[in-house]
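> Chains as they are written, first to last, in our numbering: chain V, 118 to 417; chain L, 0 to 274; chain Z, 233 to 598.
Derived by calculation from the structure, the hints in this document are not laboratory data. A few of these clues could be false.
Distance condition first, Cα-Cα at most 16 Å in a straight line; then the derived EDC-like pairs of lysine to aspartate or glutamate [what the hints assert, rightly or not]:
1) Z:Lys401 - Z:Glu390
2) V:Lys321 - L:Glu4
3) L:Lys258 - V:Asp235
4) L:Lys2 - Z:Asp426
5) Z:Lys446 - Z:Glu434
6) Z:Lys532 - Z:Glu551
7) Z:Lys401 - Z:Asp426
8) Z:Lys446 - Z:Glu258
9) Z:Lys532 - Z:Glu516
10) V:Lys321 - Z:Glu332
11) V:Lys325 - Z:Glu332
Estimated spans, in silico, between C-beta atoms of each pair [as the list claims (entries may be wrong)]:
12) V:Gln377 - L:Val21: 32 to 42 Å
13) Z:Asn564 - V:Lys303: 46 to 56 Å
14) V:Glu302 - Z:Arg305: 25 to 35 Å
15) Z:His350 - V:Val392: 46 to 56 Å
16) L:Arg40 - V:Glu376: 29 to 39 Å
17) L:Ala17 - Z:Gly245: 32 to 42 Å
18) Z:Gly367 - V:Pro299: 41 to 51 Å
19) L:Leu31 - V:Arg231: 51 to 61 Å
20) V:Gln377 - L:Lys220: 16 to 26 Å
21) Z:Ala339 - V:Gly271: 23 to 33 Å
22) V:Glu302 - Z:Lys259: 18 to 28 Å
23) V:Gly152 - L:Ile117: 49 to 59 Å
24) V:Glu302 - Z:Asp544: 51 to 61 Å
25) V:Arg195 - L:Leu13: 52 to 62 Å
A few chain L residues that face chain V, going by a derived Cβ cut-off under 10 Å, partial list only [stated by the list, open to error]:
26) Leu25
27) Phe110
28) Gly205
29) Leu231
30) Ala251
31) Ile253
Glycine included, each C-beta is placed from N, C-alpha and C at the ideal position.
Below are the chains, spelled out letter by letter.
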Amino acid sequence: MIELLQNAKRPEKGICDMTGFRFRPKSNRVVPGFGLSMGITITLLSLIVLIPLFSIFVVLSGIGWKEFIADITDSAVRATYSVSMTCALAAALIDSVFGLILAWILVRYRFPGRRLLDGLIELPFALPTAVAGISLTTLYSETGWIGSFFHRFGIKISYTRAGITIALIFIGIPFVVRSVQPVLEKLDSRYEEAAMMLGAGRFKTFVKVILPELLPALLTGFGLAFARGLGEYGSVVFIAGNIPYETQITPLIIMNKLEQFNYSSATAIAFVMIVFSFVVLFFINSLQFRVSKIAGGAGE
Amino acid sequence: MSKKEKAGKVILILLGVAFIFVMLVLPLITVLIYALREGWRVFTAAVTDRYTVLALQLTLVATVSAVLFNTVFGLFSSWAITKFRFRGKQILTTLIDIPFAISPVIAGLVFILVFGRIGWANDFLQAHNIKIVFATPGIILATIFVTFPFISKELIPLMQSQGSDEEEAAALAGAGAFTIFRKITLPHIKWALLYGIILCTARAMGEFGAVSVVSGHLRGKTNTLPLHVEILFNEFHLTQAFAVSSILVVLAIIILILKNIVEHKGRKEVDEVVR
Amino acid sequence: MYVELKNISKEFGDFPALKNISFSIEKGKLVGLLGPSGSGKTTILRILAGLEQPDSGDIFINGKRVNDIPASRRGIGFVFQNYALFRYMNVFNNIAFGLEIQKKDKAFIKRRVGELIHLIGLEGFEKRYPHQLSGGQKQRVAFARALATNPDVLLLDEPFAAIDAKVRKELRVWLRETINKLKITSIFVTHDQDEAIEVADEIVIINHGVIEQKGSPVAIYQNPATPFAAQFIGHSILLDRYSELKGFDKFEGFEKAVIRPELVRLLKPGQQTHLDAVESGVVENVFFRGNLMEVHVNVKGMKIVAYHSTEDEPLHPGEPVGVLIYRLYLYNRNEVKLVNNSLLDEQTPLYLQGNHNKEKSWIACR
Chain V
118 MIELLQNAKR PEKGICDMTG FRFRPKSNRV VPGFGLSMGI TITLLSLIVL IPLFSIFVVL
178 SGIGWKEFIA DITDSAVRAT YSVSMTCALA AALIDSVFGL ILAWILVRYR FPGRRLLDGL
238 IELPFALPTA VAGISLTTLY SETGWIGSFF HRFGIKISYT RAGITIALIF IGIPFVVRSV
298 QPVLEKLDSR YEEAAMMLGA GRFKTFVKVI LPELLPALLT GFGLAFARGL GEYGSVVFIA
358 GNIPYETQIT PLIIMNKLEQ FNYSSATAIA FVMIVFSFVV LFFINSLQFR VSKIAGGAGE
Chain L
0 MSKKEKAGKV ILILLGVAFI FVMLVLPLIT VLIYALREGW RVFTAAVTDR YTVLALQLTL
60 VATVSAVLFN TVFGLFSSWA ITKFRFRGKQ ILTTLIDIPF AISPVIAGLV FILVFGRIGW
120 ANDFLQAHNI KIVFATPGII LATIFVTFPF ISKELIPLMQ SQGSDEEEAA ALAGAGAFTI
180 FRKITLPHIK WALLYGIILC TARAMGEFGA VSVVSGHLRG KTNTLPLHVE ILFNEFHLTQ
240 AFAVSSILVV LAIIILILKN IVEHKGRKEV DEVVR
Chain Z
233 MYVELKNISK EFGDFPALKN ISFSIEKGKL VGLLGPSGSG KTTILRILAG LEQPDSGDIF
293 INGKRVNDIP ASRRGIGFVF QNYALFRYMN VFNNIAFGLE IQKKDKAFIK RRVGELIHLI
353 GLEGFEKRYP HQLSGGQKQR VAFARALATN PDVLLLDEPF AAIDAKVRKE LRVWLRETIN
413 KLKITSIFVT HDQDEAIEVA DEIVIINHGV IEQKGSPVAI YQNPATPFAA QFIGHSILLD
473 RYSELKGFDK FEGFEKAVIR PELVRLLKPG QQTHLDAVES GVVENVFFRG NLMEVHVNVK
533 GMKIVAYHST EDEPLHPGEP VGVLIYRLYL YNRNEVKLVN NSLLDEQTPL YLQGNHNKEK
593 SWIACR
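Take these sequences, add in the hints, and give me the full structure.
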């Protein structure tokens with residue numbers, strides 16, 4: 118979704134660049150089909166996305182202000198904010214660390230199974246979240262392979278926040294890896310060589326020269342993983358156990374409200390979620406923008 | 000490479016591989032092991048069970064519908080956005096991307112708000128006895144919503160960087176819109192299109208949250224395959240749940256392989272053109 | 233000898249980049265490695281730096297064998313072709329980088345960086361970031377950065393390749409002067425012979441992984457040791473049938489000759505000199521080259537190129553013109569032979585007209 122906000126800043130390419138100062142008549146319709154394609158686009162967009170989303174506002178307007186505040190500040194609901202946030206944050210951080218490592222080894226090293234590893238990265242996208250959910254739950258349950266190991270030390274994973282975090286780590290992996298990988302691939306080796314010639318060892322070179330170059334991409338990946346983690350349902354619902362105040366994430370409580378036919382409450386919370394996602398992503402995007410400005414708006 | 004560097008390299012590789020093994024491979028293996036835990040007969044029974052088959056059908060229907068719909072949308076929207084000049088392109092693109100930013104549960108909620116009991120379209124639907132939520136159409140709609148931007152997202156950047164020179168040349172030569180599209184645009188975008196379709200298919204098949212809200216979980220009627228898995232699991236029919244899941248795992252692996260092939264082919268073609 | 237390469241060979245896959253290269257450089261000298269693309273010159277530089285390892289051979293710096301010393305510890309400053317300035321650090325921090333690695337204290341760093349900024353003439357630019365600098369400024373920062381740690385040897389990889397032509401000239405002069413001032417042993421790589429000639433004390437010409445010649449620019453120009461050296465330096469033309477030219481006999485075993493525009497004089501009909509040695513030719517083409525005209529003349533079916541001053545009466549295509557050739561360089565596969573026009577008087581001063589090398593003149597001593 119970073120792209121959402123990036124799109125808003127990206128300069129228009131294509132025809133504009135090519136025409137330069139050439140005069141273009143107001144109705145630039147050399148290529149046919151504008152009317153039809155635009156019409157279909159707007160219609161479908163409205164039908165599928167805009168009008169349904171608008172319903173949220175319609176419903177919200179029917180809710181009194183007091184009721185709205187009560188809904189979104191209910192203690193159980195507030196607990197879900199904290200659970201969702203901390204788990205998504207932790208997961209995104211872990212994804213960032215390991216995502217960086219994975220991108221590094223995939224780009225810089227040759228080892229047997231590298232291509233297989235590369236192909237597996239998108240598994241969380243290809244695998245239905247429900248399947249991921251039940252297999253992670255089973256794996257980390259007290260009788261599961263990993264769960265039983267930790268159980269011996271008295272550590273429970275399934276039905277705890279740790280379990281939620283693990284599920285969120287799972288679905289966030291591809292975001293960071295695929296964000297950082299292309300940047301790493303295109304990174305000019307001269308920067309590292311220059312650092313080497315100036316006496317820097319591998320580690321110093323990485324920290325002072327390479328990491329800053331990767332930071333924008335890392336932030337993008339982190340942001341995407343975090344945003345996804347906040348809204349994730351299928352992979353989390355099984356392992357969480359949905360214990361109020363403990364392991365209830367916000368999407369889950371929305372689901373609960375729906376099952377109780379408490380539509381107004383569900384809508385109010387949904388609204389908070391949407392606003393929050395936008396705020397978070399905007400924040401990360403502007404961070405990223407500032408970082409790349411240091412290098413002169415250089416993506417390359 | 001010095002000894003220290005070599006050690007560092009090995010550690011990093013081990014860390015990465017271990018991470019992927021624990022996070023990705025183990026869950027996969029779990030599915031397969033648990034699916035076959037009680038032997039082949041139970042497995043096959045679960046997989047060919049009537050409800051499973053119906054769920055599979057519903058999943059396929061929803062998936063195919065979503066893919067078709069979004070491909071059409073993707074093609075028209077990318078055409079409109081990249082081949083013409085007009086104000087508000089960024090806004091349009093941003094709006095199209097919205098479904099990506101929204102939690103699946105909210106996506107489902109939204110359709111309930113429109114078509115559900117309290118929905119403002121409800122009276123109309125009641126009058127004509129059309130069921131949307133808690134019925135197949137609702138599931139299809141939710142799936143379409145969630146996978147809406149996939150194809151246009153793949154096509155728009157590509158078509159934008161390709162510009163519209165060739166299409167303009169063809170138009171000036173007198174070709175009609177569909178001819179231009181078929182003969183000129185399509186060859187350039189075919190791999191990206193295929194890639195988007197594959198991603199869309201994967202997501203549509205696996206969609207859970209949105210569909211869960213909208214479906215009403217009526218077994219045999221409004222259960223997609225992932226929902227069916229959920230029910231089996233919640234009823235502690237572990238083996239059956241995993242057996243059905245294995246179908247989805249196999250499909251997921253096929254999708255990954257197809258994706259890699261298409262990516263590879265697409266990159267090769269770009270290299271050749273550049274050369 | 234301060235820097236020595238002995239029997240260096242390097243292959244990239246099947247491609248032999250360097251074939252048993254050996255040469256040495258005196259302390260304090262500024263040496264240019266000159267050669268066409270793919271000649272191996274950059275490979276030599278990178279092997280010296282430690283960025284590549286030779287397949288065989290030894291590298292010595294100040295008497296010490298450095299093959300096994302990693303690049304980060306060879307005490308070498310390296311200036312990259314595209315500067316490779318750290319984009320996320322400002323000018324000050326870029327230059328200070330090597331000093332921080334050496335853990336010098338803050339006061340020392342401040343002083344030293346200040347010195348260098350003064351040396352490169354960029355006072356006031358300390359806080360700027362690379363993308364806020366012009367190409368020439370970036371190159372100077374790269375230079376300062378390489379010098380900060382007081383390296384024993386300075387290596388420069390095509391330092392001016394990415395810079396505009398006009399700025400390039402100024403930078404060349406500046407580089408030459410600065411290196412002279414610092415007295416640091418320097419080696420730079422270039423494919424531009426004008427650059428090598430202007431900047432270097434000594435030139436090493438490299439082609440196909442082999443050293444063609446090593447010597448001062450003038451020495452190479454006057455006495456090219458190999459056919460490649462003869463053709464590469466100066467702006468030369470190849471002649472097939474040189475013996476047909478007046479004043480030149482065929483030398484056994486030397487099939488071809490190199491002729492340089494500086495050693496050809498064009499005479500309008502009516503200019504009386506050495507008539508017996510003057511060939512008659514027809515002007516084919518005239519090109520404006522700023523301060524001179526480059527004239528292509530057809531002499532007995534061979535193309536000869538000569539320079540003609542823009543001050544003199546202009547020449548036009550189709551005009552008959554007299555061509556006086558002072559010297560040819562005959563060559564076969566291995567040797568180059570310098571032959572003067574036998575019909576010319578011994579006492580005749582050599583007539584030379586350089587084109588753009590006003591600073592260094594090709595003085596022919598007779």
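> Against this structure, judge whether each hint is valid.
Status of each hint after checking the structure:
1. Z:Lys401 - Z:Glu390: holds, 14 Å
2. V:Lys321 - L:Glu4: Roughly 13 Å separates the two Cα atoms, so the pair holds.
3. L:Lys258 - V:Asp235: Judged against 16 Å, a Cα distance of about 12 Å means the pair holds.
4. L:Lys2 - Z:Asp426: Since the Cα atoms of lysine 2 (chain L) and aspartate 426 (chain Z) sit roughly 45 Å apart, the hinted pair is violated (cutoff 16 Å).
5. Z:Lys446 - Z:Glu434: holds, 7 Å
6. Z:Lys532 - Z:Glu551: It holds: about 15 Å lies between the C-alpha atoms, which stays within 16 Å.
7. Z:Lys401 - Z:Asp426: Judged against 16 Å, a Cα distance of about 10 Å means the pair holds.
8. Z:Lys446 - Z:Glu258: holds, 13 Å
9. Z:Lys532 - Z:Glu516: holds, 12 Å
10. V:Lys321 - Z:Glu332: Distance ~11 Å between lysine 321 (chain V) and glutamate 332 (chain Z) Cα, so the pair holds.
11. V:Lys325 - Z:Glu332: Roughly 11 Å separates the two Cα atoms, so the pair holds.
12. V:Gln377 - L:Val21: 32 to 42 Å: Once the Cβ atoms are compared, 37 Å apart, the range 32 to 42 Å for valine 21 (chain L) and glutamine 377 (chain V) holds.
13. Z:Asn564 - V:Lys303: 46 to 56 Å: holds, 49 Å
14. V:Glu302 - Z:Arg305: 25 to 35 Å: holds, 29 Å
15. Z:His350 - V:Val392: 46 to 56 Å: holds, 54 Å
16. L:Arg40 - V:Glu376: 29 to 39 Å: holds, 36 Å
17. L:Ala17 - Z:Gly245: 32 to 42 Å: holds, 34 Å
18. Z:Gly367 - V:Pro299: 41 to 51 Å: violated, 27 Å
19. L:Leu31 - V:Arg231: 51 to 61 Å: About 24 Å separates the Cβ atoms of leucine 31 (chain L) and arginine 231 (chain V), which means 51 to 61 Å is violated.
20. V:Gln377 - L:Lys220: 16 to 26 Å: holds, 22 Å
21. Z:Ala339 - V:Gly271: 23 to 33 Å: violated, 55 Å
22. V:Glu302 - Z:Lys259: 18 to 28 Å: violated, 42 Å
23. V:Gly152 - L:Ile117: 49 to 59 Å: violated, 37 Å
24. V:Glu302 - Z:Asp544: 51 to 61 Å: Since the Cβ atoms of glutamate 302 (chain V) and aspartate 544 (chain Z) sit about 59 Å apart, the hinted range of 51 to 61 Å holds.
25. V:Arg195 - L:Leu13: 52 to 62 Å: Because 42 Å falls outside the window, the suggested range is violated.
26. Leu25: holds, 6 Å
27. Phe110: Interface hint status for phenylalanine 110 (chain L): holds (6 Å vs cutoff 10 Å).
28. Gly205: With Cβ-Cβ at 3 Å, under 10 Å, it holds.
29. Leu231: holds, 9 Å
30. Ala251: holds, 4 Å
31. Ile253: Hint holds; isoleucine 253 (chain L) Cβ to chain V Cβ min 9 Å, cut 10 Å.
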